[in-house]
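Listed in order, the protein sequences are those of chains U and C.
Each residue of the first sequence is one higher than the last, beginning at 1 in the working numbering.
Each residue of the second sequence is one higher than the last, beginning at 1001 in the working numbering.
Among these hints, one or two may not hold up.
[To be verified] Listed next, the stretches of chain C that the computed footprint assigns to chain U, with coverage defined by at least 3 CB atoms under 8 Å from CB atoms of chain U:
hint: 1; segment: 1041-1055
hint: 2; segment: 1108-1115
[To be verified] The list that follows gives simulated cross-link-like pairs (lysine-lysine, DSS-like), each with its CA atoms no further than 30 Å apart:
hint: 3; chain 1: U; residue 1: K100; chain 2: C; residue 2: K1042
hint: 4; chain 1: U; residue 1: K60; chain 2: C; residue 2: K1042
hint: 5; chain 1: U; residue 1: K56; chain 2: C; residue 2: K1042
Hints are computed from structural coordinates only; laboratory data are not their basis.
No experiment lies behind these values; they were computed from the predicted model shown.
Beta carbons are placed, not taken as given, at the ideal position from N, Cα and C, and that holds for glycine.
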Amino acid sequence: GDSVTQMEGPVTLSEEAFLTINCTYTATGYPSLFWYVQYPGEGLQLLLKATKADDKGSNKGFEATYRKETTSFHLEKGSVQVSDSAVYFCALRGGTSYGKLTFGQGTILTVHP
Amino acid sequence: GAVVSQHPSRVICKSGTSVKIECRSLDFQATTMFWYRQFPKKSLMLMATSNEGSKATYEQGVEKDKFLINHASLTLSTLTVTSAHPEDSSFYICSATNPSSSTDTQYFGPGTRLTVL
């Protein structure tokens, strides 16, 4: 079945550091890929998405590129801020299962001033 | 602001009792809502898909008689954990899709922390 694997956390960075959170997936068909963010005390929010190979999703300085050849969707940001501290989830929606999301285990990011 | 709400945000109950969790879409009508369960340091696991006016579709391994889902209106779905036991303690999260939106983004509620003593 479909699965998503994220890098183990927690990740701790200083402000303005470069961020990479790795995400790889296994799926049948042609899935759409997502990054969700969960700030403390809030629900999950869609951060960015990509629906086909080589698409790049971007939002709030974060980027991720849909790499079919490596089945990856790594999240990157060039300069993190304290306000980026949150839990980040990589997810996929399979081509044959409308609406159903399969999540990775989440990565806790803490950014220090 | 939040477009999906959950109530309560946290609940503590005794073993053997039943607990109802509500999920509401605040400014759109959701024909489909989803219920997830999140264990500590684990990913969200889809429990069931709630369809307005029809029976919910449960994922493999989820006991439908234990986790009762009702989607009686286009803005409300409820999850009732029946005869709760300590192993049911978890973080339950719902989400909804706005069928009127040009995108298929799922909007998530803030979650409900259930603790069964």
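Here is what the structure says about each hint:
Counting residues of the segment 1041-1055 of chain C whose beta-carbon sits less than 8 Å from any beta-carbon of chain U gives 7, enough to reach three: the coverage restraint holds. Residues of the segment 1108-1115 of chain C with a Cβ under 8 Å from some Cβ of chain U number 4, which satisfies the need for three, so the listed coverage holds. Only pairs whose Cα atoms come within 30 Å are accepted, and K100(U) paired with K1042(C) is accepted, the gap being roughly 18 Å. Proposed proximity of K60(U) and K1042(C) is supported: the alpha carbons are some 26 Å apart, at most 30 Å.
Taken as a hint, the K56(U) and K1042(C) pair is honoured in the structure, with Cα atoms around 27 Å apart against an allowance of 30 Å.
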